[in-house]
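Asker: Sequence:
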Amino acid sequence: MTDKIILKKEEGRLNITFNNPDKKNALTSDMYSLASNEINKAESDLSVSVIILSGSGGNFSSGNDLFDFINDPYNPSVINFLESISSSSLPIAAAVNGVAVGIGATMLLHCDFVYSSPDTYFSFPFIDLGLVPEAAASLLLPKLVGHKKASELLMLGKPFYSEEALEMGFISKICPEKDLLDEVNNLANLLTTKPRESLCLTKKLLCTEEESVTDRMAREHQKFRDLLGTKNTQNIINAILNKKKNK
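For the sequence shown, this note's numbering begins at 2 and goes up steadily by one.
For the record, the hints were derived by calculation from the structure and aren't laboratory data.
It should be emphasised that the depicted structure is a prediction, and the values quoted were computed from it without experimental measurement.
Hints may be right or wrong, so weigh each one.
In silico lysine-lysine, PhoX-like type, Cα no more than 25 Å apart, as pairs [unchecked claim]:
| # | residue 1 | residue 2 |
| --- | --- | --- |
| 1 | 9 | 42 |
| 2 | 174 | 25 |
| 3 | 232 | 245 |
| 4 | 195 | 232 |
| 5 | 144 | 204 |
| 6 | 244 | 195 |
| 7 | 159 | 144 |
Simulated restraints, written as ranges between beta carbons of each label pair [stated by the list, open to error]:
| # | residue 1 | residue 2 | range |
| --- | --- | --- | --- |
| 8 | 247 | 167 | 38 to 48 Å |
| 9 | 209 | 168 | 18 to 28 Å |
| 10 | 23 | 228 | 42 to 52 Å |
| 11 | 59 | 9 | 17 to 27 Å |
| 12 | 228 | 68 | 42 to 52 Å |
| 13 | 58 | 145 | 22 to 32 Å |
| 14 | 87 | 198 | 16 to 26 Å |
| 15 | 7 | 165 | 28 to 38 Å |
| 16 | 31 | 222 | 42 to 52 Å |
| 17 | 120 | 226 | 45 to 55 Å |
| 18 | 45 | 147 | 34 to 44 Å |
| 19 | 11 | 199 | 14 to 24 Å |
Heads up, the beta-carbon is just placed ideally off N, CA and C, and yes, glycines get one too.
Sequences are here, hints too, so could you generate the full structure?
Answerer: This is the structure in structure tokens:
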């Protein structure tokens with residue numbers, strides 16, 4: 002069933018498209034496995050600087066394929082996929098439209114950029130399914146939107162749309178449906194012009210768990226010094242200095 006994931010690698014971008022449109026891109030164990038394998042491989046592929054997630058047929062993802070899930074509820078492919086996106090050092094951008102439900106919504110908490118069409122429907126229906134949130138949503142969502150709002154979204158399963166998602170910081174930007182993929186690709190193209198190592202280390206700093214200000218400053222300073230000694234950074238700085246000398 003590998004055709005249910007469409008892969009395209011070009012110009013520094015790895016595009017992963019969920020392709021199960023008859024079920025609004027409900028995710029199966031095979032889809033999780035292939036996607037996580039590709040994300041993990043991209044870590045050591047220096048030709049890839051950005052990962053883009055999207056869905057075919059006008060929807061991002063309606064969550065787990067319940068038929069697949071019920072038949073094999075302990076399949077490790079789901080957690081392997083979530084670990085791959087949460088631990089990836091590469092920037093991850095999502096182009097979201099139609100529906101983003103269940104894991105289709107919680108995985109967005111691990112994306113660095115989320116662009117959405119105006120009418121996208123978001124929902125965390127876990128309690129109504131007799132379940133609890135996954136993808137560390139119970140940890141990450143309160144940090145993002147506050148405890149009370151997270152309680153409303155997770156305990157009531159209250160759906161919301163792009164405007165509200167933007168207001169509470171759940172998404173980065175609203176784009177017209179027809180321009181959505183172009184906007185995300187433009188973002189990715191901009192990111193690919195940045196030094197890959199600097200991008201990855203900056204993301205790592207952003208995603209680190211809470212620590213003291215002094216500890217954070219020390220770690221930032223160390224990473225800053227490490228990068229300062231690399232040939233790539235030195236070339237960038239020298240190019241800037243040369244431009245200034247020639248003015």
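Asker: Next, verify each hint and record whether it holds.
Answerer: How the hints compare with the structure:
no. : hint                     : in the structure
1   : 9 with 42                : 14 Å, holds
2   : 174 with 25              : 22 Å, holds
3   : 232 with 245             : 20 Å, holds
4   : 195 with 232             : 14 Å, holds
5   : 144 with 204             : 17 Å, holds
6   : 244 with 195             : 19 Å, holds
7   : 159 with 144             : 18 Å, holds
8   : 247 with 167: 38 to 48 Å : 43 Å, holds
9   : 209 with 168: 18 to 28 Å : 27 Å, holds
10  : 23 with 228: 42 to 52 Å  : 47 Å, holds
11  : 59 with 9: 17 to 27 Å    : 19 Å, holds
12  : 228 with 68: 42 to 52 Å  : 48 Å, holds
13  : 58 with 145: 22 to 32 Å  : 28 Å, holds
14  : 87 with 198: 16 to 26 Å  : 20 Å, holds
15  : 7 with 165: 28 to 38 Å   : 30 Å, holds
16  : 31 with 222: 42 to 52 Å  : 45 Å, holds
17  : 120 with 226: 45 to 55 Å : 47 Å, holds
18  : 45 with 147: 34 to 44 Å  : 38 Å, holds
19  : 11 with 199: 14 to 24 Å  : 22 Å, holds
Going down the numbered hints, you'll see the structure goes against none, and every one checks out.
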